[in-house]
Amino acid sequence: MTTPNPLYDDLQWRGLIYQSTDEQIPHILNTPRTVYVGFDPTADSLHIGSLLGLQVLRRFQQAGHRPVALVGGATGMIGDPSGKSDERQLLSVDRLRENVVGIERQMRQFLDFDEGPCQAVLVNNFDWMRRFSFLDFLRDIGKNFPVNVMMSKESVKNRISRDGGGISYTEFSYMLLQAYDFVHLQQEFDCSMQLGGSDQWGNITAGIDLARRLHGVQLYGLTWPLLLKSDGTKHGKTEGGSVWLSAERTSPYKFYQYWINVDDSDTANCLKFLTELDREEIQDLEKQVAESPERNIGQRRLAEELTRIVHGDAGVKLAQKATEIMFGGEIGDLSDATLLDIFSQLPSHQIDAQKLNDGLSLVEAFVLAGIAKSKGEARRAVEQGGAYVNNRRVQDVNYELTQNDLASESVVVLRRGKKSYGLLRIS
RNA sequence: GGGGGGUUUCCCGAGCGGUCAAAGGGGUCAGACUGUAAAUCUGAUGGCAGCGCCUUCGCAGGUUCGAAUCCUGCACCCCCCA
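Its first residue numbered 1, the first sequence is counted upward by one per residue in our numbering.
None of these hints come from the bench; they were simulated from the model.
Be a bit skeptical, because a hint or two may be false.
Stated by the list, open to error - Simulated restraints, written as ranges between beta carbons of each label pair:
| # | residue 1 | residue 2 | range |
| --- | --- | --- | --- |
| 1 | E115 | A337 | 36 to 42 Å |
| 2 | S152 | R95 | 54 to 60 Å |
| 3 | R95 | Q384 | 39 to 45 Å |
| 4 | E115 | Y18 | 31 to 37 Å |
| 5 | P32 | G329 | 50 to 56 Å |
| 6 | W128 | R95 | 19 to 25 Å |
Unchecked claim - List of simulated lysine-lysine pairs, DSS-like, C-alpha gap at most 25 Å:
| # | residue 1 | residue 2 |
| --- | --- | --- |
| 7 | K234 | K153 |
| 8 | K375 | K418 |
| 9 | K419 | K317 |
| 10 | K321 | K419 |
| 11 | K272 | K234 |
| 12 | K418 | K254 |
| 13 | K157 | K234 |
| 14 | K355 | K375 |
| 15 | K234 | K419 |
| 16 | K373 | K254 |
| 17 | K157 | K143 |
| 18 | K373 | K418 |
| 19 | K317 | K272 |
| 20 | K229 | K418 |
| 21 | K234 | K254 |
| 22 | K321 | K254 |
Cβ atoms here follow ideal geometry from the backbone N, Cα and C, with glycine treated the same way.
Working from the sequences, and respecting the hints, build out all of it.
Laid out in structure tokens, this is it:
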């Protein structure tokens, strides 16, 4: 009979428990623990894929455990073969250092680093790995890894059986590094549990084995299922590339929009996995999505919650206001400041006031504003009814912009199709 | 070492001397329908000027009034026999 644990129950209800190394884990979580999740520093910003890990850590912290966020500065140099089909591109040391700095900053939005018993800790495994000599590592760590066991891990097996690239010795060794991370964190911070996506299972258990052999310590691991969309693809990829957490790479508006556009069938899952809304509220939203999906209530709430966590209240406000304007009617009677604020992430182009007076063709304006690659493309858009000035459709190919087309003191808002906007600033 | 096949527009893939800016499919973009959805349907899809010009069919030359289509050389890829 295990002692029920509120955190574990909640995780279970949310569907976040995929595999567990020990059935005693709910019981174990009844005393404060130090737990860790690893993050890849493949870019100077985290993207949506990392949200889940951050939120899980946050849940643990709020339940009274101490979260350790490990940035893989060292392991990032090697490349985790798990879930990858090809050998990974190695990052330069400098590149990695920059990435780690950027990621650290973002972590602070999720975890509480203020002093206290649950104070979050941020570590970079490069800090301890760099001091390890190759010989020491082989003697102290490598010795404890039977190759036949390593070979039987899914991540390795998948790569070895492939006729193509196979796996390099470097990536093959990846799991030793991650295993040692776990052991190190146990020694340093008394960290006793590692959390990760289901693709991390092999790496987590490798760490547990190593700790037992090396120090006779019992460690634990939990994995969550990979958050996939109902069509089986990963979250966070759009036509424009990944959805990032940094406002510079993905504007709050775009971030918000990503979640607004989540499929009905994926909404409940996202709410459970990623938000901190409670059970009643999520069930209520689920019901509303089922009853009147056209109202997008679940998506709206999801977008709002996540945008708030990542970009704050100001970000939410900006995103919602932008949404209102972008998907509303005609644009007019607005101030420059409002428009520029909302459309700050959009391509824009300065033009001379004189040019507007001389007559600027709509087609040319589309090219200038960067929403059409060529005049031919712009012309097509107009002919097909996909061109808008201040959200008002214009179908005349020979249309010329004038002062009357200003939406505010000095801005004209051009739009192509449903969602692609560009600005023209008159000066 | 010998023999054969290939390299086409974003991708796949037809074309085999003029009617080819190049079939078809995918993708992408736009429109209709919708819920800023899915599915579906329609249109567009080298550039510039509007029925004309310019740049494209691995690379470089050549034969022709005219080549993606023929010839020569080069590069890369694949297959078969040793």
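What hint numbers does the structure not satisfy? Hint 2 contradicted; others consistent.
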